[in-house]
Amino acid sequence: MKMEEMSLSGLDTSKLEAIAQEIYADLVEDSCLGFCFEVHRAVKCGYFFLDDTDPDSMKDFEIVDQPGLDIFGQVFNQWKSKECVCPNCSRSIAASRFAPHLEKCLGMGRNSSRIANRRIANSNNMNKSESDQEDNDDINDNDWSYGSEKKAKKRKSDKLWYLPFQNPNSPRRSKSLKHKNGFSVCTSASNTLPLLFSSSGELSNSDPFKYNNSTGISYETLGPEELRSLLTTQCGVISEHTKKMCTRSLRCPQHTDEQRRTVRIYFLGPSAVLPEVESSLDNDSFDMTDSQALISRLQWDGSSDLSPSDSGSSKTSENQGWGLGTNSSESRKTKKKKSHLSLVGTASGLGSNKKKKPKPPAPPTPSIYDDIN
Amino acid sequence: MCKDYVYDKDIEQIAKEEQGEALKLQASTSTEVSHQQCSMPGLGEKYPTWETTKPELELLGHNPRRRRITSSFTIGLRGLINLGNTCFMNCIVQALTHTPILRDFFLSDRHRCEMPSPELCLVCEMSSLFRELYSGNPSPHVPYKLLHLVWIHARHLAGYRQQDAHEFLIAALDVLHRHCKGDDAGKAANNPNHCNCIIDQIFTGGMQSDVTCQACHGVSTTIDPCWDISLDLPGSCTSFWPMSPGRESSVNGESHIPGITTLTDCLRRFTRPEHLGSSAKIKCGSCQSYQESTKQLTMNKLPVVACFHFKRFEHSAKQRRKITTYISFPLELDMTPFMASSKESRMNGQLQLPTNSGNDENKYSLFAVVNHQGTLESGHYTSFIRHHKDQWFKCDDAVITKASIKDVLDSEGYLLFYHKQVLEHESEKVKEMNTQAY
Numbered sequence: 001m002k003m004e005e006m007s008l009s010g011l012d013t014s015k016l017e018a019i020a021q022e023i024y025a026d027l028v029e030d031s032c033l034g035f036c037f038e039v040h041r042a043v044k045c046g047y048f049f050l051d052d053t054d055p056d057s058m059k060d061f062e063i064v065d066q067p068g069l070d071i072f073g074q075v076f077n078q079w080k081s082k083e084c085v086c087p088n089c090s091r092s093i094a095a096s097r098f099a100p101h102l103e104k105c106l107g108m109g110r111n112s113s114r115i116a117n118r119r120i121a122n123s124n125n126m127n128k129s130e131s132d133q134e135d136n137d138d139i140n141d142n143d144w145s146y147g148s149e150k151k152a153k154k155r156k157s158d159k160l161w162y163l164p165f166q167n168p169n170s171p172r173r174s175k176s177l178k179h180k181n182g183f184s185v186c187t188s189a190s191n192t193l194p195l196l197f198s199s200s201g202e203l204s205n206s207d208p209f210k211y212n213n214s215t216g217i218s219y220e221t222l223g224p225e226e227l228r229s230l231l232t233t234q235c236g237v238i239s240e241h242t243k244k245m246c247t248r249s250l251r252c253p254q255h256t257d258e259q260r261r262t263v264r265i266y267f268l269g270p271s272a273v274l275p276e277v278e279s280s281l282d283n284d285s286f287d288m289t290d291s292q293a294l295i296s297r298l299q300w301d302g303s304s305d306l307s308p309s310d311s312g313s314s315k316t317s318e319n320q321g322w323g324l325g326t327n328s329s330e331s332r333k334t335k336k337k338k339s340h341l342s343l344v345g346t347a348s349g350l351g352s353n354k355k356k357k358p359k360p361p362a363p364p365t366p367s368i369y370d371d372i373n
Numbered sequence: 001m002c003k004d005y006v007y008d009k010d011i012e013q014i015a016k017e018e019q020g021e022a023l024k025l026q027a028s029t030s031t032e033v034s035h036q037q038c039s040m041p042g043l044g045e046k047y048p049t050w051e052t053t054k055p056e057l058e059l060l061g062h063n064p065r066r067r068r069i070t071s072s073f074t075i076g077l078r079g080l081i082n083l084g085n086t087c088f089m090n091c092i093v094q095a096l097t098h099t100p101i102l103r104d105f106f107l108s109d110r111h112r113c114e115m116p117s118p119e120l121c122l123v124c125e126m127s128s129l130f131r132e133l134y135s136g137n138p139s140p141h142v143p144y145k146l147l148h149l150v151w152i153h154a155r156h157l158a159g160y161r162q163q164d165a166h167e168f169l170i171a172a173l174d175v176l177h178r179h180c181k182g183d184d185a186g187k188a189a190n191n192p193n194h195c196n197c198i199i200d201q202i203f204t205g206g207m208q209s210d211v212t213c214q215a216c217h218g219v220s221t222t223i224d225p226c227w228d229i230s231l232d233l234p235g236s237c238t239s240f241w242p243m244s245p246g247r248e249s250s251v252n253g254e255s256h257i258p259g260i261t262t263l264t265d266c267l268r269r270f271t272r273p274e275h276l277g278s279s280a281k282i283k284c285g286s287c288q289s290y291q292e293s294t295k296q297l298t299m300n301k302l303p304v305v306a307c308f309h310f311k312r313f314e315h316s317a318k319q320r321r322k323i324t325t326y327i328s329f330p331l332e333l334d335m336t337p338f339m340a341s342s343k344e345s346r347m348n349g350q351l352q353l354p355t356n357s358g359n360d361e362n363k364y365s366l367f368a369v370v371n372h373q374g375t376l377e378s379g380h381y382t383s384f385i386r387h388h389k390d391q392w393f394k395c396d397d398a399v400i401t402k403a404s405i406k407d408v409l410d411s412e413g414y415l416l417f418y419h420k421q422v423l424e425h426e427s428e429k430v431k432e433m434n435t436q437a438y
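Line order of the protein sequences matches chains S and X. If you number the first sequence the way our numbering does, the last residue is 373 and the count never jumps. If you number the second sequence the way our numbering does, the last residue is 438 and the count never jumps.
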């Protein structure tokens, strides 16, 4: 129809409607055209059906809503074995223990400054390596990966590997240090004394790798005064393998008191006695540790327990465990070290019952008394 | 000839290039947009829709498995392993990774690292966190890198102990904000009012403080940037709770039971005029004398994401305790009565607004709730987050379970996260950005 040739008023309603319909159809067509072009293009170029979801994927990611399961259908609390790599020291750490590890690793823990000071003080005295620092404490420390108990034996022989990764902040070590704080300072007299010492009684003397040169003292080089002062603070029992004196504490479980007495008598004469009290020359020691040490010394013939000092320090740093996932409660159980009253010959082995796996007693070391006497 | 439409690749390519050239010509006439500052396409770039190329078509044909986000999918949800008292961190991470606008920013890879080393950039780590949490992997993620970075950059938080989630949120936002600008040590004079990093665009609001002199009624106004609103609760020994809860009829559709305090009550209290007392006389600027005054806090500029913090942990001289009073909070919140612009109508007693006032700009929706169970010394944080629009999930470290809206609204509430419903065009901001070319 040519609009200019007609006037609208002359048209009847049906024709008006037809015009309106046509206009309407044009409008609809215009608006659909854009969409049609899109679909046409998609089909022509082949991507129209691309994003259809396949039914398998649908099932994989379906949200699960059942009691006892999370939304992925997994059972709760199965994530104990997750691990991660510490960005600072590059070691593999159990994920749920990462935070306490990182704290010590970065030197921010409660004991870190003490350990650091001790190290600085001692590194001035000694150039020897600290290879025996990495002791069995770490094996049971949850900072390490969970395979640790099984790998414990392997770790013992890999001690030297730990040299570059000194972990002076391990709480186990710090406990053992606190307990043996007596003689770390008085070693300034001798330059052959070791820096730090392993604490665990599980190390048996029979394994030559454990007691390398740095653990013992060559008594030949020491003068009588030095010997005397040494013997007031250290075990002093001479190892048969290395011919050196044991630098552990006076209550070192590796050796018996009989042995210690014998050594003192040998060096200092028949009147020598075993020192009663641990001297605490180290300024870094906790007061608590000293008194605990006293208390435990009084019990030394029965059940010598390192537990008071252990648990004391552990409580201060770890008492905020709140259950879910933070296995702080597991990790700081008491360490019981049994002292040996047995006579000559059964020196070692039984040592500390670590929480997870009490080791079978190591074969008894051949007695050193044979040499001395 | 079939008269069908034909699509020729070569001609299309030519057309695209020519169009690009034309746009660049247009762009050069406007001010230079610093591409480092804003990660939006400038006028010179055109982002076309993605179309598959032939090799891609074949590849997609051979691999028919598709992952599509529908409302029944777990994609976007993932547990977080507790690294040792880090539940507070896990809850904040869940809340942040489910903040819609932040999620959109990171998942579209908008972050351009400004830090000297991406290893130390917390924003890069956030970006990687988003990727991990939206990967569809059902096994919980171990956020050890995040912990390490936070400890390095926010030393006051470092240490193995239980911590406050709110404190962590503020510290994390601060580090993210600094790293967005490549400013590691916080030394650059960052004026938060002019910062356009994503954190400020989303979280920073402006709180207005008006001090009115009682003598001459002159008002001194300051506007401070804020990332959250900390609300006192009834029952705390420092709080002054003048009005009985629930006196006004509910503005925000909260469950209105007399005796139950609502979030709106807390906000009303927060924004009431407070008489400063004769011991705190302030020198009035207009009448030049020391006079008593009243102070009132209101919101000047609302952030896109509003975080409300209930001050449940009381550390007063008398006692340290946790206030466990239940506060009812709504799913939808209208902040209009608490704006600076509404002060006049409030003073006239017109607090109540019709719920369907045409103004939607100040309406918010709840999307995350962080809860604390336990005591001041020792407790556990869990969070509820909203996903797929209307579904809620409870995040308890590594375990994510479905939750109902009722569970969420009945929970005690410690940190509440609300998201604006309507995002306005920040045309003013864009202009500012363009003029800061340096």
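Note that these hints are calculated values from the structure, not bench results. One or more of the hints may lead you astray.
Unchecked claim - Computed list of lysine-lysine pairs in BS3-like fashion (alpha-carbon distance at most 25 angstroms, straight line):
id, chain 1, residue 1, chain 2, residue 2
1, S, Lys59, X, Lys145
2, X, Lys402, S, Lys80
3, X, Lys16, S, Lys82
4, X, Lys281, X, Lys301
5, S, Lys82, X, Lys402
6, S, Lys44, X, Lys3
7, S, Lys44, X, Lys54
8, X, Lys24, X, Lys9
9, X, Lys363, X, Lys406
10, S, Lys44, X, Lys9
11, S, Lys44, X, Lys16
12, S, Lys59, X, Lys389
13, X, Lys145, S, Lys80
What the hints assert, rightly or not - Derived Cβ-Cβ restraints for the label pairs, each shown as a range:
id, chain 1, residue 1, chain 2, residue 2, range
14, X, Asp10, S, Asp12, 51 to 57 angstroms
15, S, Cys89, X, Thr53, 14 to 20 angstroms
16, X, Gly277, S, Val75, 56 to 62 angstroms
17, X, Ile223, S, Ala25, 44 to 50 angstroms
18, X, Ser135, S, Asn77, 18 to 24 angstroms
19, X, Gln421, S, Val75, 36 to 42 angstroms
Backbone N, C-alpha and C define an ideal beta-carbon position, used for all residues, glycine too.
* Hint by hint, work out which the structure violates, then give me just those numbers in ascending order. => 1, 3, 4, 15 and 17
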